[in-house]
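For this one, chain A is given, so just place chains B and C on it according to the hints.
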Amino acid sequence: MDAFLLQVLSGLATGGIYASLALAVVMIYKATHVVNFAQGEMAMFSTYLAWQLIQWGMPYWGAFFLTLAISFVGGVAIERIVIRPFESHDATLSVVTVFIGLFLILNSLAGWTWEYTLKSFPSPFPAEAYLGGYLSGHQAGLFAVVLVTLAIVYAFFRFTPLGLAMRAAAENPVSSRLVGIRVGWMLALGWGLAAALGAVAGIMVAPLVFLEPNMMGFVLIYAFAGALLGGIDNPWGAVIGGFAMGVLENIMGVYVVGTELKLTVALVIIIGVLVVKPAGMFGRTVVTRV
Amino acid sequence: MRTKQKWLGGFAAAIALALAVGPAQAQKKYGPGASDTEIKIGNVNPYSGPASAYGSIGKGIASYWKLVNDLGGVNGRKVNFITLDDGYSPPRTVEQVRRLVEQEQVLLVFQSLGTPGNTAIHKYMNARKVPQLFVATGATKWNDPKGHPWTMGWQPNYQAEAKAYAAYILKNLPKAKIGVLYQNDDYGKDYLKGFRDGLGSKADSMIVKEVSYEVTDPTVDSQIVTLKGSGADAFFNITTPKFAAQAIRKAHEIGWKPEHFLNNVSSSIDNVLKPAGFEASKGIISSLYLKDASDPQWHNDKDYKAWLEWMKKYNPGVSTTDAFYVYAYAVSSTLHQVLLQCGDDLTRENVMRQAANLKNIQVPMLLPGVHLHTSPKDFAPIEAIQLGRFDGKRYVEFGDVLGQ
Amino acid sequence: MKPDWRIAALAAGLIVVCALPFLVSDYRTFQFTLVMVYAIALLGLNILTGFNGQFTLGHGAFYAIGSYTAAILMAHYNVPYWATLPAAAAVCLAAGFLFGLPALRLEGLFLALATLSLAVAMPSILKWKGIEQWTGGVQGIVLIKPEAPFGLPLNQDEWLYYFTLAVAILMFVLAWNLLRGRVGRAIVAIRDQPTAARAMGINSAIYKSVTFGVSAMYAGVAGALGAIAVQFVAPDSFQVGLSFVFLIGAVIGGIYSISGAVFGAAFVLFVPHISEGISRAAPQAIFGAFLIVFMFVMPVGIAGFLRLAWDWARRRIQRSSHVTGEAS
Numbered sequence: 018m019d020a021f022l023l024q025v026l027s028g029l030a031t032g033g034i035y036a037s038l039a040l041a042v043v044m045i046y047k048a049t050h051v052v053n054f055a056q057g058e059m060a061m062f063s064t065y066l067a068w069q070l071i072q073w074g075m076p077y078w079g080a081f082f083l084t085l086a087i088s089f090v091g092g093v094a095i096e097r098i099v100i101r102p103f104e105s106h107d108a109t110l111s112v113v114t115v116f117i118g119l120f121l122i123l124n125s126l127a128g129w130t131w132e133y134t135l136k137s138f139p140s141p142f143p144a145e146a147y148l149g150g151y152l153s154g155h156q157a158g159l160f161a162v163v164l165v166t167l168a169i170v171y172a173f174f175r176f177t178p179l180g181l182a183m184r185a186a187a188e189n190p191v192s193s194r195l196v197g198i199r200v201g202w203m204l205a206l207g208w209g210l211a212a213a214l215g216a217v218a219g220i221m222v223a224p225l226v227f228l229e230p231n232m233m234g235f236v237l238i239y240a241f242a243g244a245l246l247g248g249i250d251n252p253w254g255a256v257i258g259g260f261a262m263g264v265l266e267n268i269m270g271v272y273v274v275g276t277e278l279k280l281t282v283a284l285v286i287i288i289g290v291l292v293v294k295p296a297g298m299f300g301r302t303v304v305t306r307v
Numbered sequence: 019m020r021t022k023q024k025w026l027g028g029f030a031a032a033i034a035l036a037l038a039v040g041p042a043q044a045q046k047k048y049g050p051g052a053s054d055t056e057i058k059i060g061n062v063n064p065y066s067g068p069a070s071a072y073g074s075i076g077k078g079i080a081s082y083w084k085l086v087n088d089l090g091g092v093n094g095r096k097v098n099f100i101t102l103d104d105g106y107s108p109p110r111t112v113e114q115v116r117r118l119v120e121q122e123q124v125l126l127v128f129q130s131l132g133t134p135g136n137t138a139i140h141k142y143m144n145a146r147k148v149p150q151l152f153v154a155t156g157a158t159k160w161n162d163p164k165g166h167p168w169t170m171g172w173q174p175n176y177q178a179e180a181k182a183y184a185a186y187i188l189k190n191l192p193k194a195k196i197g198v199l200y201q202n203d204d205y206g207k208d209y210l211k212g213f214r215d216g217l218g219s220k221a222d223s224m225i226v227k228e229v230s231y232e233v234t235d236p237t238v239d240s241q242i243v244t245l246k247g248s249g250a251d252a253f254f255n256i257t258t259p260k261f262a263a264q265a266i267r268k269a270h271e272i273g274w275k276p277e278h279f280l281n282n283v284s285s286s287i288d289n290v291l292k293p294a295g296f297e298a299s300k301g302i303i304s305s306l307y308l309k310d311a312s313d314p315q316w317h318n319d320k321d322y323k324a325w326l327e328w329m330k331k332y333n334p335g336v337s338t339t340d341a342f343y344v345y346a347y348a349v350s351s352t353l354h355q356v357l358l359q360c361g362d363d364l365t366r367e368n369v370m371r372q373a374a375n376l377k378n379i380q381v382p383m384l385l386p387g388v389h390l391h392t393s394p395k396d397f398a399p400i401e402a403i404q405l406g407r408f409d410g411k412r413y414v415e416f417g418d419v420l421g422q
Numbered sequence: 006m007k008p009d010w011r012i013a014a015l016a017a018g019l020i021v022v023c024a025l026p027f028l029v030s031d032y033r034t035f036q037f038t039l040v041m042v043y044a045i046a047l048l049g050l051n052i053l054t055g056f057n058g059q060f061t062l063g064h065g066a067f068y069a070i071g072s073y074t075a076a077i078l079m080a081h082y083n084v085p086y087w088a089t090l091p092a093a094a095a096v097c098l099a100a101g102f103l104f105g106l107p108a109l110r111l112e113g114l115f116l117a118l119a120t121l122s123l124a125v126a127m128p129s130i131l132k133w134k135g136i137e138q139w140t141g142g143v144q145g146i147v148l149i150k151p152e153a154p155f156g157l158p159l160n161q162d163e164w165l166y167y168f169t170l171a172v173a174i175l176m177f178v179l180a181w182n183l184l185r186g187r188v189g190r191a192i193v194a195i196r197d198q199p200t201a202a203r204a205m206g207i208n209s210a211i212y213k214s215v216t217f218g219v220s221a222m223y224a225g226v227a228g229a230l231g232a233i234a235v236q237f238v239a240p241d242s243f244q245v246g247l248s249f250v251f252l253i254g255a256v257i258g259g260i261y262s263i264s265g266a267v268f269g270a271a272f273v274l275f276v277p278h279i280s281e282g283i284s285r286a287a288p289q290a291i292f293g294a295f296l297i298v299f300m301f302v303m304p305v306g307i308a309g310f311l312r313l314a315w316d317w318a319r320r321r322i323q324r325s326s327h328v329t330g331e332a333s
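Residue numbers (the numbering used here), protein chains in the order written: chain A, 18 to 307; chain B, 19 to 422; chain C, 6 to 333.
Treat the hints as calculated values from the structure; they're not laboratory data. There could be a bad hint or two in this list.
Using 27 Å as the maximum straight-line C-alpha spacing, the simulated DSSO-like pairs for lysine-lysine come out as follows [to be verified]:
no.: 1; chain 1: B; residue 1: K331; chain 2: B; residue 2: K77
no.: 2; chain 1: B; residue 1: K195; chain 2: C; residue 2: K134
no.: 3; chain 1: B; residue 1: K159; chain 2: B; residue 2: K377
no.: 4; chain 1: B; residue 1: K211; chain 2: B; residue 2: K189
no.: 5; chain 1: B; residue 1: K77; chain 2: B; residue 2: K47
no.: 6; chain 1: B; residue 1: K147; chain 2: C; residue 2: K150
no.: 7; chain 1: B; residue 1: K77; chain 2: A; residue 2: K136
no.: 8; chain 1: C; residue 1: K134; chain 2: B; residue 2: K211
no.: 9; chain 1: B; residue 1: K207; chain 2: C; residue 2: K134
no.: 10; chain 1: C; residue 1: K150; chain 2: B; residue 2: K159
If we strip away everything but chain A, and leave its shape as in the complex, we get (with noise of 0.2 Å):
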């Protein structure tokens, strides 16, 4: 096959990394309209703890599940008790803060608890590769879950009434509480949601890349250049974009910029995205009245 055809297939591979984990990212944002720097070690988190699970034996289906109930649990407390005081204050310093602070805390457990030597994750897909093995089993069925993941979350916001509430408490607050919406829990529903579709993403990554508690920290950046390049509010944009950005990183790496300077080109596309089209490429642009 053309060379060139083989890193375009390559790149879709890394994207639908990025792909997995932006979704999670546009889940907070649509729920929230905030950009959580933390997704990435909740992800890594939630991933440890499935491994855990399956080191004391419960099955890999049951651990799945049983970790993404634990991650949206986790993701609803985490919004009541260390957000929730911070939503009146609506200042970037005091949410930013919060976050970098999740960030560390995260990190710096997981890697007490579980040390920072690598480790195997399972997979649940059949190990046989397509393409002349240019995609892997793993890869495949990485795919079919963001796909599977992409539709049960539009879905959800597009359909059902709880979707919609969600939409609405995030962008008018004050207009959702005349209407009846409890605002809060909206928003700590948003946190737990997104808090399992990080479990979902770190669960499906981490054989491709292995555990350690660093897996996410530099997959986020891509997420979030994927995320931002598809439309932040969007969840097929993100999806999109998450796969767009895998190629393009990869196509940029082998024959434009040299394979040295691939965050380069996400700070570019980030840079360049939110400066020229914020929202993306299928993203609803915002009006804000002053």
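Frame of chain A; chains B and C shown alone:
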């Protein structure tokens, strides 16, 4: 009591030769950090930050000295091992090392980890005349007795190892088309330089593709695809464990089967080959100087058994195949040897003198045939390279031990 | 009455600070020098984020640029160490201003994201082959510490301490002057009421970009001093963690004040040493916990707390003197 003697026996072979070397010093001479009862040793390791996986080495070393202290110490003195975190950030390394030297007044700094950190303190240690002993990096620049008489490495340096692979290729695969994957930092570039130097004038014609990666990349899959596409049939894999496992696995998946040379840093069967897959790892050539704890051939070996007992008793919860703990044990045994040779003259000058006076010493967990050897002109204790080919279960040694 | 108190306290503090190198070991002097370096950097961060409301997670990147500017000039062009400071200041002022321009369009969390990406990408930029011949690539650049001039009887650590002290005092006075005048009020107005500020004729765009530049300039000067103190620069010295550390220092010290920069710098330098005794992983977790707790309890930081405590004490004294006055 009896078990203690068993462990002591594990050291006996190693120190038997040593006792013949240093003449008994009647006088006691002490430098900073040494006294009748104690020897203070300083160390910096990355316990936090991006390189925190290597923090296991610091923990292993600390636990080794605990064992030694429980057995009575070194020549009757307890070892006070002070290890500080530098987060793999050179400014912090400088701060912590200055603390060790100026505030804690250690006798020597042992096994400081990482090339950037060691570069940052290189001048300082030599200006202050404090031993920067057995640094935990394979960079070639630590073997410079003339310019930096207070600094010494330990593990076989990267360039020497790469040259061994180059020599093998020139001899056995003269028509090879070589692809190289290297980590874009000091470690990767050092290996690459040695490799190119080893190939000499043929470097440019034989190496068809050189591709790098950053530790911030999620995977190296794309690089492997590039290398296969270049038509290379020999592969020099200069990656750290996580990326090595990824590379081996991806190469196998896409059906690329080159003659695969894996750098020693990632040679661990348990940490790298197992996650990558034993089938995928068959045929990989690497160089070895330490016994691999997951290799069944050592399971009845005396030194291995002593090491295993130490692991079980002093490092509960750590995997008994952890390569970092083998490394920690061996390098600490080396310092142990040096301190024993110092006898009652525990000055910094004598420490360096004895470190430069290791004559064919064997310490536990080194492969048979690999010895420590230093002299005032040769500050590279281990130069031996033993090549081995992985057969799906263990590395099968072949060829002679090179570079002694 | 009150001004005398303050000046007396300041003078006393200054005397202690000047005498310090002779009272403590060289190692401590080196540490205090680093505290001052970080204080200068944090001051820049306070100006930008505390006073002007532009949130940056990329402060470490400009610190890195300052460090490398100094290192390259010293190592490749034999520029004397003291001359690298104005150079680093100029380079970072320009770089910060240029970065501030597109940043004008970014608000709050998105600005944070953009600056975070800058900090994350910086080490790889510093390692880039294209500029390797100046930056030394992954090997970095080794520097020589300056000797005391004019044959002064000071060793290297002591001389650098005084040099840094002089620069720090200069930078602090500069900031103090800037912030209490018209410019300072404009900067704060842009933070609190951006629309009203615009309506009153303040050219928000220029002010914001220039503030970004000034903040980067402070980071750059600090970076240059830091490079000289540590005698080494390498890409690994400027990982994203550095920007986090700056944020932590600013928040805990007091991001809305000038003195907060000093408290914060002392905190981030000395607390890891204390917490190391507890556990290896502790320093990072403790930073995280402190961040959250301080945001809950004391968002104005140590400096703000001290000011509140001082005001409270003053009022108590006034009230009691009032009472006694009436009684008599």
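Are K211(B) and K189(B) close enough, with their CA atoms no more than 27 Å apart? This hinted pair holds, its Cα atoms lying about 19 Å apart.
Are the Cα positions of K77(B) and K136(A) separated by 27 Å at most? 19 Å, holds
Please verify whether K207(B) and K134(C) have alpha carbons no more than 27 Å apart. Between K207(B) and K134(C) the Cα gap is close to 12 Å, so the pair holds against 27 Å.
For K331(B) and K77(B), compute the direct alpha-carbon distance and say whether it is at most 27 Å. 14 Å, holds
For a C-alpha distance cap of 27 Å, please report whether K147(B) and K150(C) respect it. 17 Å, holds
Is it true that the CA of K77(B) sits at most 27 Å from the CA of K47(B)? Violated, at about 30 Å.
Sort out whether K211(B) lies within 27 Å of K134(C), counting only the CA atoms. 15 Å, holds
27 Å limit on alpha-carbon distance, applied to hinted pair K159(B) and K377(B): 22 Å, holds
Hinted pair, alpha-carbon criterion (27 Å max): K195(B), K134(C). Please report holds or violated. Judged against 27 Å, a Cα distance of about 25 Å means the pair holds.
Measure nothing beyond the straight line between the CA atoms of K150(C) and K159(B); if it is 27 Å or shorter, mark the hint as holding. 22 Å, holds
Taken one by one, the earlier hints fail for this structure only at number 5.
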